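Trainee: Sequence lines, in order, name chains U and S.
Here my numbering is used: the first sequence runs in plain steps of one and ends on residue 370.
Here my numbering is used: the second sequence runs in plain steps of one and ends on residue 199.
Just so you know, these hints were derived from the structure itself, not from any lab.
A quick note: this is a predicted structure, and the numbers were derived from the prediction, not measured.
Cβ atoms here follow ideal geometry from the backbone N, Cα and C, with glycine treated the same way.
Treat each hint with caution, since some may be false.
What the hints assert, rightly or not - For lysine-lysine, the following BS3-like pairs were computed, each having C-alpha atoms within a straight-line distance of at most 27 angstroms: (1) U:Lys34 / U:Lys257; (2) U:Lys257 / U:Lys209; (3) S:Lys154 / S:Lys176; (4) S:Lys16 / U:Lys40; (5) S:Lys98 / U:Lys40; (6) S:Lys35 / S:Lys16; (7) S:Lys154 / U:Lys40; (8) U:Lys8 / S:Lys16; (9) U:Lys40 / S:Lys81; (10) S:Lys179 / S:Lys168.
Claimed, not checked - Residues of chain S placed beyond 12 angstroms of chain U at every Cβ, according to the derived structure: (11) Ser6; (12) Asp19; (13) Ser38; (14) Tyr77; (15) Met87; (16) Lys98; (17) Ser134; (18) Val165; (19) Ala172.
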Amino acid sequence: MTSELIYKYLSNEASEEEVRTLFEWIDASAENKKYFITLKKTWALSALSQEISIDAAPVIAIRPKNKVFQFFKYAAAFVILCGLAKIALDVSPKTKSKSKEIILEWSDGRSEIITKNNQEKLVLDQNRHLIARKLPNHIIYYGKVPNQKVVYSTITVPYGKRFTVTLSDGTIVSLNSGTTLRYPEQFGLNGKRSVYLSGEAFFEVSKDKKHPFMVNANKVDIEVLGTKFNISAYPENPTVNSTLVEGSIKMSEVENKANVVLLQPNQMATWNNNSKKIITKEVDASFYNAWTKGEIAFKDTPFSTIAKIIQRTYDVEIINKNADLARQNFTGTIKISESSVANILELLKRDTPFQYVIEQNTITITNLPN
Amino acid sequence: MNNDNSFELDLFKSFKEGDETAFTHFYDKYFSRIKSFSVQFIYDQDEAENLAQEAFLHLWQNRATVESLNGIQSFLYTYSKSKCLNMIRHNKVKDRFKSEILNQKERELDIEILNSVQFDTLELTELERLIQESISDLPPKTREVFIKKRFENKKNAEIAEEMQVTLKAVEAHMTKALKILKTKLSDYLFLIFILICNN
């Protein structure tokens, strides 16, 4: 209905009343506006190819092979996914046994579901002392005189969700989908500020030279003073990646403290469970924390990795039976909230043709039929 | 294609040296594109023609600054874009609707669209190739309707009569063509957009 109206408008055949309706539709949302702008741009620029005659034989599309161009093309393509075709993927929330909600487990063993619709509320400990304030997607602990005994809480963020915790020292931890963080309700007076991570998190550690901040992930410790960095330590991966944005951090093997590296900003340290080695390399750190801004970023990323990221981000299961696709690398950025899994697959399909079916929250990818 | 290209490269050299025949070649090649582009924003065939004339005059006078063959198109489009923007901003575009609110709204949208397009030479060549391909890829009937409409400026009723189909069918073909083109071209359009943001 709207497409027809836009077309009528573009070909100057819409009545004033129709134009009014169209403009009202455009004003209704940023997405509508974007859609309209795209169409009008296409329309205005399609005058480029004046020479084409009606009899023109279909030309076989040749892809630009230029790598850099390819990169931009995908970068661009991913961004546009937002707001265009709205093929919403209907994800049934009942099929998996694991909880679909964010769960906070208190030191005394109680657990509580933190859902998005939850009202803002204050959190008291057993002695009725105020310890935190809970917002829909964020829990903030109050810094107070540290207790004698350090007690730990655990927060678990399922696939398809993200959450932020502000610890009692003011450190902000953003938790990606499929992540568990264990942390003290109040940090102790002495020693290190230790937390335990499984999954992916971005840390903005508040400075406290007397109490180094320590993240334990898999078999490595990451020790910091005050700094910003990302850690990816999903249990299904044999590696722990730590990427530094600001400040300095030290990654060391738990079992062998001599196995240690010191990171500079824009470096990434990778721990490998199998080789027991820590390797560093220069990276663009912002690329690794794109998820904290609600984006997924790929750079020459193999499809297998992309599939894992999609599974976690959208809480779906991907079964890939297409060998060509498995070998393919992709580059681009996706706005999570504005794209669906189907959007992303449609886009990847343009480069490497494949077929897929979506059944509940399982996506099966196969070769095109011959 | 390659032969064409070396022929055009020769012409470009001559053009740079002030050869009017070479200039005429480019004029013939690009004039209607520039006009068609501008008319989408100033809504007046005569004005759009004037604007295109001006763009070519400007090109001729500034040929020393054009660095490559592809730079010609990019120069012309960039000029038209800023001319269109100027005309809109200075209220030189005639009102199309009775309602001042609608006129105003249309201008705002057009300014936004123009601002989001940048005619980088590489983009333009690539875009052109893609548009050609995309149009050739349209289903035959749809392509025919699209070309009659878009490049031969025919009214829906005329097309319907020529092709012996209903008015509704013509509209449906156009909607389909636009949808296909939009999907095929959208990454390029946004690429242009991204390049602006990064600059």
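Trainee: Next, verify each hint and record whether it holds.
Mentor: Status of each hint after checking the structure:
no.: 1; hint: U:Lys34 / U:Lys257; result: violated (54 angstroms)
no.: 2; hint: U:Lys257 / U:Lys209; result: holds (20 angstroms)
no.: 3; hint: S:Lys154 / S:Lys176; result: holds (18 angstroms)
no.: 4; hint: S:Lys16 / U:Lys40; result: violated (34 angstroms)
no.: 5; hint: S:Lys98 / U:Lys40; result: holds (22 angstroms)
no.: 6; hint: S:Lys35 / S:Lys16; result: holds (23 angstroms)
no.: 7; hint: S:Lys154 / U:Lys40; result: holds (19 angstroms)
no.: 8; hint: U:Lys8 / S:Lys16; result: violated (42 angstroms)
no.: 9; hint: U:Lys40 / S:Lys81; result: holds (14 angstroms)
no.: 10; hint: S:Lys179 / S:Lys168; result: holds (17 angstroms)
no.: 11; hint: Ser6; result: holds (19 angstroms)
no.: 12; hint: Asp19; result: holds (23 angstroms)
no.: 13; hint: Ser38; result: violated (9 angstroms)
no.: 14; hint: Tyr77; result: violated (9 angstroms)
no.: 15; hint: Met87; result: holds (15 angstroms)
no.: 16; hint: Lys98; result: violated (6 angstroms)
no.: 17; hint: Ser134; result: violated (8 angstroms)
no.: 18; hint: Val165; result: holds (15 angstroms)
no.: 19; hint: Ala172; result: violated (8 angstroms)
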